[in-house]
Amino acid sequence: MKKIFILFFILIVSDSFSLKAQIGHTQNDGPKIDSLNKITERFASKTFSPFGKSSLSNFISSFSLTSAYNEGENGKIELKHSKNWWTYGLSVDQAISKNDKESTPLDLDGLNSGTTVGFNLQKIFWNPAVTKNDFDNFQQAKNRFVRQNKIIDPREITVSEILNDSIEKNRFELKLKHPWFFNITGSFNKTEYNYTTDSVGLTKIGREYLVPSFKISAGAPYFKNNELKSFFAISYIYSANYSVGNTLTFITPFSTRGNYISKTLVFGAPLRKTDNRINMEWRTTIGEESQNFGIAPSLTYGIDSKKLGVSLPVYIIKGSSKDKKPLGLQGGFRLSYTTDTRNGVLTSIENGLVAQVIITAPFDVLGSFNK
Amino acid sequence: MNIIINTQAKNGHLICYLISSENITILSIKDSGSDNCKLIPGSTYRFEWHVWSDMKADYKINAVVSPINQGFPDLNWVKSYGDSHQDMGGFYFSV
Numbered sequence: 001m002k003k004i005f006i007l008f009f010i011l012i013v014s015d016s017f018s019l020k021a022q023i024g025h026t027q028n029d030g031p032k033i034d035s036l037n038k039i040t041e042r043f044a045s046k047t048f049s050p051f052g053k054s055s056l057s058n059f060i061s062s063f064s065l066t067s068a069y070n071e072g073e074n075g076k077i078e079l080k081h082s083k084n085w086w087t088y089g090l091s092v093d094q095a096i097s098k099n100d101k102e103s104t105p106l107d108l109d110g111l112n113s114g115t116t117v118g119f120n121l122q123k124i125f126w127n128p129a130v131t132k133n134d135f136d137n138f139q140q141a142k143n144r145f146v147r148q149n150k151i152i153d154p155r156e157i158t159v160s161e162i163l164n165d166s167i168e169k170n171r172f173e174l175k176l177k178h179p180w181f182f183n184i185t186g187s188f189n190k191t192e193y194n195y196t197t198d199s200v201g202l203t204k205i206g207r208e209y210l211v212p213s214f215k216i217s218a219g220a221p222y223f224k225n226n227e228l229k230s231f232f233a234i235s236y237i238y239s240a241n242y243s244v245g246n247t248l249t250f251i252t253p254f255s256t257r258g259n260y261i262s263k264t265l266v267f268g269a270p271l272r273k274t275d276n277r278i279n280m281e282w283r284t285t286i287g288e289e290s291q292n293f294g295i296a297p298s299l300t301y302g303i304d305s306k307k308l309g310v311s312l313p314v315y316i317i318k319g320s321s322k323d324k325k326p327l328g329l330q331g332g333f334r335l336s337y338t339t340d341t342r343n344g345v346l347t348s349i350e351n352g353l354v355a356q357v358i359i360t361a362p363f364d365v366l367g368s369f370n371k
Numbered sequence: 001m002n003i004i005i006n007t008q009a010k011n012g013h014l015i016c017y018l019i020s021s022e023n024i025t026i027l028s029i030k031d032s033g034s035d036n037c038k039l040i041p042g043s044t045y046r047f048e049w050h051v052w053s054d055m056k057a058d059y060k061i062n063a064v065v066s067p068i069n070q071g072f073p074d075l076n077w078v079k080s081y082g083d084s085h086q087d088m089g090g091f092y093f094s095v
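Protein chains in written order, with our numbering: chain A, 1 to 371; chain B, 1 to 95.
Don't read these hints as lab results, they were simulated from the structure.
The beta carbon of each residue, even a glycine, is placed where N, CA and C say it ideally should be.
A portion of the hints provided could be inaccurate.
Claimed, not checked - Computed spacing ranges between beta-carbons, pair by pair:
| hint | chain 1 | residue 1 | chain 2 | residue 2 | range |
| --- | --- | --- | --- | --- | --- |
| 1 | A | 153 | B | 22 | 23 to 29 Å |
| 2 | B | 32 | A | 173 | 27 to 33 Å |
| 3 | A | 224 | B | 26 | 31 to 37 Å |
| 4 | B | 26 | A | 85 | 17 to 23 Å |
| 5 | B | 38 | A | 188 | 49 to 55 Å |
| 6 | A | 314 | B | 1 | 53 to 59 Å |
| 7 | B | 80 | A | 188 | 18 to 24 Å |
| 8 | B | 69 | A | 188 | 55 to 61 Å |
| 9 | B | 38 | A | 167 | 36 to 42 Å |
| 10 | A | 234 | B | 1 | 47 to 53 Å |
| 11 | A | 169 | B | 20 | 29 to 35 Å |
| 12 | A | 224 | B | 94 | 22 to 28 Å |
| 13 | B | 20 | A | 86 | 25 to 31 Å |
Produce the complete structure using the sequences and hints provided.
As structure tokens, then:
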């Protein structure tokens, strides 16, 4: 019954992308490419990023609310299904707040305005079978380990148990092959803009715009001593968005008593812009599991916009409680710097640096969807 | 004579191989699954498995040979990892 309700919700939200006139609140600049991935009980994951750019899709379904300073609040539902190392995903991201103030100039990490419906396809590539020579070395180390310890079934001994032995870890070494990921994400964002083109009557026009975005990513985790340390990914992103003009306040007289009314509107229809971007991302966590915090620096270059952006999200990650329930609000901050590269002069720190505090509240209501 | 292998992976990824003495992969089971194949008496096989996850995870591998054979007692490998991990196990056997 829960599945039917949520699927119905998704269908309702994603219905009707045709342009039509409406009266509504003013929206700001166009949609962000990478909606924020939120995980519920996965907060202890060493590659988890609560709200930063994530080239690696979540493997599980999730529902979360995120609030970013100056960007507003978004709610997002992700439904995922994994089989045979393929992960298929469908997501709906809905802006909740009505007064989005700013948008990050290069559309780095951020929340989508309007409604965004996305699909995601991810594949793990992993063929870790070792060579016969390496396998034989492993058997020899295991035999030594078994002779030194009381082992019920020697067949069950693994490499990590041998390497945890103070003697064997200096005699035995085996490098295991790591997996790597390929990810395709596509989405459509529907955003409403209110503006006027009538400088006399100031007639407000409300129109909805549908913009696509597309991202291809490849990434791999980095293990040290068979423990996951970090994750690296590179992505190509195509995005389209609408930029609006400045908000103007028009003061017009009415009646014969010298009264005036004011209207605040954007003058001129929004302009469509597209950009092709290359992004590199590195994610790692620091500290023990129960006190993790993570960073995910990324570098983005807009081929069409000629802009370069650097982002440094810092996540405050808390492990789940003893009964495996998420610990509620998770938060952090993000520093982003964007500069134009056309003239060879870097944008000043004052104009290019954006600092945000972001809070995400996960809701572990979709646990039944997850394997 | 058959070998039947069942695997379970929770919050992680597992792959289990059955490899012949000619280094040919006879079976390959990913995450949670099952498969079986015929074994040739006297041949040496490699039973090998790998796991990884970016978080704590639980794994199970159950393998039985039918009919019962002294060369391969029932295998029931169960392991939990409390943090991110990558690991492997395996052994040679003949029936």
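So which of the earlier hints does this model not fit? Numbers 7, 12 - these are the hints that the structure violates, sorted from lowest upward.
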